[in-house]
Amino acid sequence: AQKVTQAQTEISVVEKEDVTLDCVYETRDTTYYLFWYKQPPSGELVFLIRRNSFDEQNEISGRYSWNFQKSTSSFNFTITASQVVDSAVYFCALSEVDSGGSNYKLTFGKGTLLTVNP
Amino acid sequence: NAGVTQTPKFRILKIGQSMTLQCTQDMNHNYMYWYRQDPGMGLKLIYYSVGAGITDKGEVPNGYNVSRSTTEDFPLRLELAAPSQTSVYFCASSSRAMRSYEQYFGPGTRLTVT
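The listed protein sequences correspond, in order, to chains U and D.
Heads up: the first sequence is residues -13 to 104, going by the numbering used here.
Heads up: the second sequence is residues 1329 to 1442, going by the numbering used here.
The set of hints was computed from the structure by calculation and includes no laboratory data.
Just so you know, not all the hints are guaranteed correct.
Calculated lysine-lysine pairs in the DSS-like style (CA-CA distance at most 30 Å, straight line) [said to hold, decoys possible]: (1) D:K1372 / D:K1337; (2) D:K1337 / U:K56; (3) U:K96 / U:K2; (4) U:K96 / D:K1385; (5) U:K56 / U:K96; (6) D:K1385 / U:K24.
The following residues of chain U were derived to be distant from chain D, with all beta-carbon distances above 10 Å [claimed, not checked]: (7) A(-7); (8) T(-5); (9) D4; (10) T6; (11) P27; (12) S57; (13) N62; (14) T64; (15) S81.
Glycine included, every Cβ here is placed at the ideal spot set by N, Cα and C.
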């Protein structure tokens, strides 16, 4: 069965600190996708990034970076020089392959609440 | 594009009442989903649809029904509302054509059953 674990329920940092959000997953699929979503206090869910299981290159987008390691089944998310606007709940998600070979269903972790204090 | 829209934004129901949460997407996405989000519990899939006329149960379907008569619309019906259905409901869609599978979410409906 699919499973996504975000062991950190809450993290609190001071502005300009770096912070890493952990995500560990379990799947039997050989082809899968991993995602990160952001849910700011306003409540909407915002897509941040997608990685497929064949691409283990790390990715950087501005202050955000992602570290995908198949060997440890982890897909961690780092925010460099955090800002107050980064305060949000962050969800990691894993796709599931259906009988037709499509990866359209997602399993979400329970989320990590990040609070960045000024 | 408006993306995924949901109505209403807020609703208070009395126990035993029924209602329909509306969801519409204008991105011509094949797949649509309904989730509920309870505090500290992440998102749980209620129902999903892979195309017009096709729906299937997710992890927590009891107490809900769906239909998908068009590509754009995916309403969620609550029959005989119960306090356990107090939650925030999100509708989402994704595209088979893109083969990227990221889901795009509506703004959510906050439902309270008292």
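Hint check:
Between K1372 of chain D and K1337 of chain D the CA atoms are separated by roughly 19 Å; this keeps the pair inside 30 Å, and the hint holds. Distance restraint check for K1337 of chain D and K56 of chain U: the Cα-Cα separation of roughly 40 Å exceeds the 30 Å cut-off, and the hinted pair is therefore not satisfied. Proposed proximity of K96 of chain U and K2 of chain U is supported: the alpha carbons are some 26 Å apart, at most 30 Å. Using a Cα cut-off of 30 Å, the hinted pair K96 of chain U and K1385 of chain D holds, with the two alpha carbons roughly 21 Å apart.
Taking the CA atoms of K56 of chain U and K96 of chain U, the gap is near 21 Å; set against the 30 Å cutoff, the hint holds. Between K1385 of chain D and K24 of chain U the alpha-carbon distance is near 26 Å, which keeps this suggested pair within the 30 Å criterion. Against chain D, the non-interface label of A(-7) of chain U holds: every CB pair exceeds 10 Å, the least being about 13 Å. The beta carbon of T(-5) of chain U sits about 7 Å from the closest Cβ of chain D, which is not more than 10 Å, so the claim that it is off the interface is violated.
Consistency note on D4 of chain U: stated as away from chain D, and its beta-carbon is indeed over 10 Å from all of that chain's, at 25 Å minimum. The Cβ of T6 of chain U lies farther than 10 Å from every Cβ of chain D, with a closest approach of about 19 Å, so its non-interface assignment holds. The beta carbon of P27 of chain U is kept farther than 10 Å from every beta carbon of chain D, the shortest such distance being approximately 13 Å. Residue placement check: S57 of chain U keeps its beta carbon more than 10 Å from all beta carbons of chain D (closest about 23 Å).
No Cβ of chain D comes within 10 Å of the Cβ of N62 of chain U; the nearest lies about 18 Å off, and the non-interface call holds. In this structure T64 of chain U is separated from chain D by more than 10 Å, as the shortest Cβ-Cβ distance comes to about 20 Å. Non-interface status of S81 of chain U relative to chain D is broken: a Cβ of that chain comes within 10 Å, the nearest being about 5 Å off.
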